[in-house]
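Chemist: Construct all of the structure, not just a fragment, from the sequences and the given hints.
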Amino acid sequence: MDVNLGVIRERLQTKKKQYEEYAFTADQINAIWAFFDLAQEYTTLENFYRVCVLVPREFLNCESKLYLLGDQGNVTLVATSTEGLVEPPRPAEGIPLDEEASFQNGSYFFPFKGNRKLLSLLAPPQEKPVLGVLEILPPEPLAEHDFLFFQKYANRIGYNLHIKLLMAHTQEHIKFVNELVADIEHNVIVPNMYYRYLFRTLRQKIDFLRELEENIKSRSFSQEKIAGALEHLHRELLNHYQQIEKHYETVSLFLESLLRREHFEKGRFVLRKRPCRFAKEVIEAQFERYRKRFEKAGIAIDNRLGGVPDEEFIMAVDVGLLSQVYANLFSNALKYTREVVDQDGHRVKFISFGREILPDFFGPGRPGVKFNVFSTGPHLSSEEAQKV
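Last residue of the sequence shown: 388 (this note's numbering), numbering continuous.
In case anyone wonders, no lab produced these hints; they're calculated from the structure. Incorrect hints may appear among the rest.
Straight-line alpha carbon distances no greater than 35 Å define the calculated DSBU-like cross-link-like pairs of lysine-lysine that follow [claimed, not checked]: (1) Lys-17 to Lys-205; (2) Lys-17 to Lys-175; (3) Lys-280 to Lys-349; (4) Lys-273 to Lys-335; (5) Lys-246 to Lys-266; (6) Lys-164 to Lys-113; (7) Lys-246 to Lys-15; (8) Lys-370 to Lys-387; (9) Lys-349 to Lys-387; (10) Lys-292 to Lys-335; (11) Lys-175 to Lys-113; (12) Lys-292 to Lys-387; (13) Lys-246 to Lys-205; (14) Lys-273 to Lys-205; (15) Lys-152 to Lys-15; (16) Lys-280 to Lys-246; (17) Lys-15 to Lys-164; (18) Lys-205 to Lys-280; (19) Lys-370 to Lys-296; (20) Lys-113 to Lys-17; (21) Lys-152 to Lys-273; (22) Lys-113 to Lys-205.
Everything numeric in this text was worked out from a predicted model, so none of it was measured.
Modeler: Shown next, in the form of structure tokens:
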């Protein structure tokens, strides 16, 4: 809401009067100044948490602890003035989450809140304004004006934390959008150039059909020759139709998986899992797109290193996103597969893909499945491997 200069001036006069009534000590005023300066100087959340708990200790001789409210309403201890950052954050029980400050077992608990108008922008959106709690452990009971100071200090923590969370959320969104643009370019725009090849060859078939029509009119072809030409043309057109249909289905699948509304709302990929025959619907479907290109490049398929088994293998996965993963793997295999000399001294160039069952990978009785694509060629250098 836009306001005029007079309204802002009235608010400033009100604040000026309030500050006079607060009658904060020099140490308290310096503590607020130091907090603002360091909150701007240290940009990471981890350092911000350290600043929050150290300011009361260094300026006011009060130990403190900082708690945050999680997505599911759980409370965790993230920093203390004695041990610094708590890694990983520890679950905390019995921390009061009321919107008003409270006293309990010798400690004062000051909740800090976010801006109500901006709570919906957090990830995930907050329904309640309380973001966390500052616990103050003073050497003696707080006087009334000291209690008021820590209320105001906690408010400043809440405002700064909210802004930093929004900044982090925005940066994650920007990073995600940049990665998404790269994925669209790699998995949609570049593969769509394949349509040029399909349309060019389709045009050749149309030209052939016109020539055939002219030959029929001139009666220069026998009935047997015409029938043979039509049969050949039918096979070629059917093959091209199937290729265009597969390419359309693949691009549609990729676009659906890349441009979901939830991705942009969350700022990350949101999975849509469904049961599928993984080998057939994901691996084989993508391999068929590259089969002829592998053959043209002289790349053989050798699954003796652990091929995809024949039996049905049902998995709950995001078919669209995993199809893109395999499309990228096969695309890279097409680019980077090179000849090598095998153990018998023969020069070979091939790829192999399959799966490996890993017993108890996720704990007792919880096996994992490792999928792989292998291609012949030189190993990556250590410098290149670090970038992968």
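Chemist: Confirm or reject each hint.
Modeler: Verification of the supplied hints:
no., hint, in the structure
1, Lys-17 to Lys-205, "violated (87 Å)"
2, Lys-17 to Lys-175, "violated (45 Å)"
3, Lys-280 to Lys-349, "holds (25 Å)"
4, Lys-273 to Lys-335, "holds (30 Å)"
5, Lys-246 to Lys-266, "holds (31 Å)"
6, Lys-164 to Lys-113, "holds (13 Å)"
7, Lys-246 to Lys-15, "violated (67 Å)"
8, Lys-370 to Lys-387, "holds (22 Å)"
9, Lys-349 to Lys-387, "holds (25 Å)"
10, Lys-292 to Lys-335, "holds (14 Å)"
11, Lys-175 to Lys-113, "holds (27 Å)"
12, Lys-292 to Lys-387, "holds (31 Å)"
13, Lys-246 to Lys-205, "holds (19 Å)"
14, Lys-273 to Lys-205, "violated (41 Å)"
15, Lys-152 to Lys-15, "holds (13 Å)"
16, Lys-280 to Lys-246, "holds (14 Å)"
17, Lys-15 to Lys-164, "holds (25 Å)"
18, Lys-205 to Lys-280, "holds (31 Å)"
19, Lys-370 to Lys-296, "holds (29 Å)"
20, Lys-113 to Lys-17, "holds (24 Å)"
21, Lys-152 to Lys-273, "violated (47 Å)"
22, Lys-113 to Lys-205, "violated (69 Å)"
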